[in-house]
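> Chains as they are written, first to last, in the numbering used here: chain A, 401 to 943; chain B, 327 to 541.
Some clues are possibly wrong.
Unchecked claim - Subject to a maximum C-alpha distance of 20 Å in a straight line, what follows is the list of computed EDC-like cross-link-like pairs (lysine to aspartate or glutamate):
id, chain 1, residue 1, chain 2, residue 2
1, A, K674, A, D744
2, B, K447, B, D389
3, A, K509, B, E346
4, A, K674, A, E928
5, A, K509, B, D339
6, A, K509, B, D340
7, A, K674, A, E930
8, B, K499, B, E415
9, B, K499, B, E514
Derived by calculation from the structure, the hints in this document are not laboratory data.
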Amino acid sequence: MNAQRREHYLNVNYGVRSWLLTTDHKRIAWLYLVSVTFFFFVGGFFATLIRLELLTPQGDLVQAETYNKLFTMHGVTMVFFFLIPSIPAVLGNFLIPMMIGARDLAFPKLNLASWYIFIIGGLFTLAATAAGGVDTGWTFYTPYSSIYSNTHVALTVVGIFVTGFSSILTGLNFIVTIHKMRAPGLTWFRLPLFVWAHYATSIIFVLGTPVLAITLALVGLERIFGLGIFDPARGGDPVLFQHLFWFYSHPAVYIMILPSMGIVSELIACFSRKRIFGYAFVAFASLGIAIIGFLVWGHHMFVSGQSVHAGLVFSLLSFLVAIPSAIKVFNWTATLYKGSVSYDAPMLYSLGFIGVFTIGGLTGLFLATLGFDVHVTDTYFVVAHFHYIMVGGAVMGYLGGIHFWWPKMTGRLYPEILARLAALIVFLGFNLTFFPQFVLGFLGMPRRYHAYPPEFQVLNVMSSAGASILAVGYVLPLVYLIWSLRYGAVAGRNPWGARGLEWETDSPPPTHNFDTTPRVTESAYAYEKEPEEIYHFGATAHV
Amino acid sequence: MSDVITVRAHQFDDLEQQHEASWIGMWIFLATEVMFFGGMFTGYAFYRAAYPQAFAAASNRLDVWLGAINTAVLISSSFTMALAVHGAETGRRKALIRFLLLTIVLGAVFLGIKFFEYHSKFEEHLVPGHSFQFEGLLARPAEIFFSFYFAMTGMHALHMVIGIGLLAVMVVKARRGRFSTGYFTPVELTGLYWHFVDIVWIFLFPLLYLVGRHL
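Generate coordinates for the entire structure from the input sequences, incorporating the hints supplied.
See the structure below:
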C-alpha cells in the first residue's frame with residue numbers, strides 16, 4: 401500500500417498541461433511513444449493495402465497511381481516518422497539519463513522542443529496524405545519529384561525537412577549528455593552498450609540529417625520557385641540528387657539498426673547472466689558502423705550512371721561495413737555460450753533479431769556485389785533485404801526493448817506467456833512475409849508495380865498471409881501492454897535481476913531518477929557481482 | 327552568489343558543467359550547419375567543374391562592389407560582436423548593449439544591400455524560372471548558377487535574420503541584468519553563431535562573385 405502512494409514521475413502531477421509542457425525526459429519519452437505508435441499503425445495501414453492488392457496478379461483493388469501513393473506513404477511514414485525516431489526518442493530518451501546516473505538530459509527544453517518539431521513535421525505529412533498523398537517513392541528522385549509529379553510533394557518534403565530538426569536536436573542532446581552528465585566513476589568503458597549505440601546513432605543524426613534537409617529544401621525550392629539545380633532541361637544532374645539523398649539515407653539505415661543493436665546487447669547480457677563478450681569490440685563496432693556507413697551510399701546507384709570506378713570503391717566499402725556488424729553478431733553468440741540463458745519475451749525478440757539481422761546483413765553483401773546487384777536492382781530482392789534489416793532487425797529490437805523496460809517505465813509487468821506468444825507470432829509472420837520476397841526478386845519480380853505475371857502469385861499469397869500473421873503479432877502487444885497498465889502485476893525495482901544503473905531506482909522512477917547521485921565502481925554487465933558492489937549511493941541528496 | 331545559483335538548471339551539478347555542456351552543444355550545432363551548407367557547396371563545386379564558362383559569365387552579372395561592401399560590413403559586425411562578448415566578460419553592461427545593437431545595425435545593413443541586389447537581379451530577369459533571360463549559348467547552365475546564387479545567399483540571409491533575432495533577445499536580457507561576469511554563456515554562444523554565419527559569407531563571396539573575373 402505504501403509503495404503505491406510513493407511519488408514518482410507519473411503521479412507527481414496530472415493534467416494535459418503537465419504532459420504537454422513537461423521537460424522530464426521520461427515523460428517526453430511517453431509523448432514520443434504515443435506518437436510513433438500512431439505513425440506505426442498509419443504506415444501499417446498503407447502496408448496492409450499494398451499486401452491486399454498484391455494477393456492477385458491483376459490490379460483489382462487500386463489503380464496504378466493509387467498504388468504508387470500507397471508505397472510512398474508507407475515508406476515516408478515508416479522511415480521518417482516511426483523507424484528513425486522510435487528507439488532513440490522513446491527508449492533512448494527514457495533510459496540514457498538513468499543509465500548514466502543523471503537527473504535529465506543536458507537540454508530538457510530542447511528535448512521537448514524536438515517533440516513539438518516532430519509533431520509539426522508529422523502534421524505536414526499527414527496533411528499531404530489527407531490531401532491526396534505523394535507518388536514519388538520515399539526517395540523523391542528528381543526530376544520526377546521536382547517537375548513531373550502532380551501530387552503533394554512540396555507539403556511532404558516540408559514535413560520531412562521540419563522533422564529532420566527533431567532528429568538533429570535529439571542527437572545533439574544525447575552527445576552532450578553522454579559527454580558531460582555521466583555519474584562519478586562511470587567512465588566511457590563502463591557505459592552500457594546501449595549508450596554507446598546511441599552515441600554512434602547521434603553522430604549520424606548530427607552529421608547526416610542536415611544534408612537531407614538541404615537536399616529536400618532544394619527540391620522544394622525547385623518545385624515552388626522554379627530553381628533549376630536538378631533539372632536536366634537546364635543542364636542539371638538528377639544523379640547529384642541521388643548522391644546527396646543517399647549520403648543521408650544510407651546512414652539513416654544505421655540510425656534504425658544501431659539503437660536496436662544496443663538493446664540486443666543489454667538483453668543478451670541480462671538473459672545470459674554474463675558479461676558481454678568482447679565489450680570494447682562491440683562498443684567500437686557501433687562507431688565503426690557509423691563512420692564507414694557514411695562512405696557506402698553509392699551502392700544505391702550502381703545502375704544510375706555512376707562511374708564504374710566509383711562503383712568499385714563503393715562496393716568495397718560496403719563490404720567493409722559488414723565487418724563491425726559481424727563482430728557484433730559473433731560477440732552476442734559468444735556471450736550466449738555457457739551462459740545461463742532464460743527465454744523471457746525480450747530475449748526471444750533478441751534471438752529473433754540475431755537470426756533475421758544475419759539474413760538481412762548477408763543479403764546486403766549480395767547487393768554490394770556489383771554483378772549480382774545489376775541482376776536484382778529494383779526487384780523484390782531489395783525490398784526483402786531492407787525489410788529484414790528495418791522490420792526484422794529494428795522493429796524486433798524495439799519490441800524487445802519496450803518489453804524489457806516496460807516494468808521500469810510503468811511499474812507493471814506485462815503478461816509473460818502472451819508476450820512470448822506474440823514474439824513467436826512476430827518472428828513467424830515476419831519471415832513468412834518477407835522470405836518469399838527474396839525468391840520473387842531473384843526470379844525477377846520488379847518492385848513498385850500493382851500488377852504482376854500470374855506465375856508469381858503463390859509466393860505473393862504467402863507473403864500477404866505472413867503479413868496478416870505479422871499484424872496479429874503487432875496488435876497483440878498493443879492490447880496487453882495497455883491492459884497491463886492497470887491490471888499487470890507490480891514489478892518492483894528490478895524484475896529481471898539486471899545490472900544496469902536504471903534498475904537501481906524505483907519503478908516507476910522518481911522525477912529526478914535517483915535520490916542521490918550514484919558512484920560507479922565497476923564496468924557494465926557485472927553479473928557475477930551484486931548491485932551493491934557496483935553502485936554506491938552516497939548520503940548527499942541533490943537539489 | 328545568489329545570481330550564480332539561479333542560473334544553474336536543475337540537471338547540472340555546477341555552473342562549470344552547465345557552461346561546458348552549452349559550449350559542446352553549440353559546436354555540435356555548428357557542425358550540423360557546416361553539413362547543411364556543405365550540401366550546397368558540393369552541388370556548386372560539381373556544376374562549376376561541369377560548366378566553368380557559364381559560371382564565369384553568370385558571375386560577371388553580379389555586382390562585385392556591392393558584394394565587397396557587404397563582406398566588409400559583415401567582417402565589421404563580427405568585430406563588434408567580439409567586442410560585445412568582451413564587454414560581457416569584463417562586466418561592462420553598457421558596452422555589451424551598445425556593441426550588440428551595433429552588430430544588429432550592421433547585420434541589417436547587410437540585409438538591406440542584399441535586398442537591393444535581389445531586386446536588381448529580379449529587374450534584370452536573372453531570377454531562375456519562366457522569366458529568366460540570359461544572352462548566348464550558356465543560358466541554361468547560367469540559370470543553374472543563379473539557382474545556386476539564390477539558394478545559397480538566401481539560406482545565408484535566413485541565418486542572418488535568425489542571428490539578428492538572437493541578438494535582439496540578448497539585448498533584452500542584458501538590459502534586464504541577466505548577465506554577470508560569472509554567467510554570460512548565451513552571449514558567447516550567440517557570438518559563435520554570428521561568427522559562423524560570417525564565415526559562410528567569406529566562402530560565398532569569392533565562389534559567387536569572383537569567378538573568372540579580370541579586374
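> Hint by hint, say whether it matches the structure.
So, going through the hints one by one against the coordinates:
With a C-alpha separation of about 16 Å, the suggested pairing of K674(A) with D744(A) holds against the 20 Å cut-off. Of the pairs offered as hints, the one joining K447(B) and D389(B) holds, with about 10 Å between alpha carbons and a cut-off of 20 Å not exceeded. The suggested pairing of K509(A) with E346(B) holds, with an alpha-carbon distance near 17 Å, which does not exceed 20 Å. Proximity of K674(A) to E928(A) is assessed by CA-CA distance (about 7 Å); at most 20 Å being required, the pair is judged to hold.
As the CA atoms of K509(A) and D339(B) are separated by approximately 17 Å, the hinted pair is consistent with the 20 Å bound. As the CA atoms of K509(A) and D340(B) are separated by approximately 18 Å, the hinted pair is consistent with the 20 Å bound. For the proposed pair K674(A) and E930(A), the alpha carbon gap of about 13 Å is at most 20 Å, so the pair holds. Using a Cα cut-off of 20 Å, the hinted pair K499(B) and E415(B) holds, with the two alpha carbons roughly 15 Å apart.
Simply put, K499(B) and E514(B) have alpha-carbon atoms about 13 Å apart, close enough for the 20 Å limit, and the pair holds.
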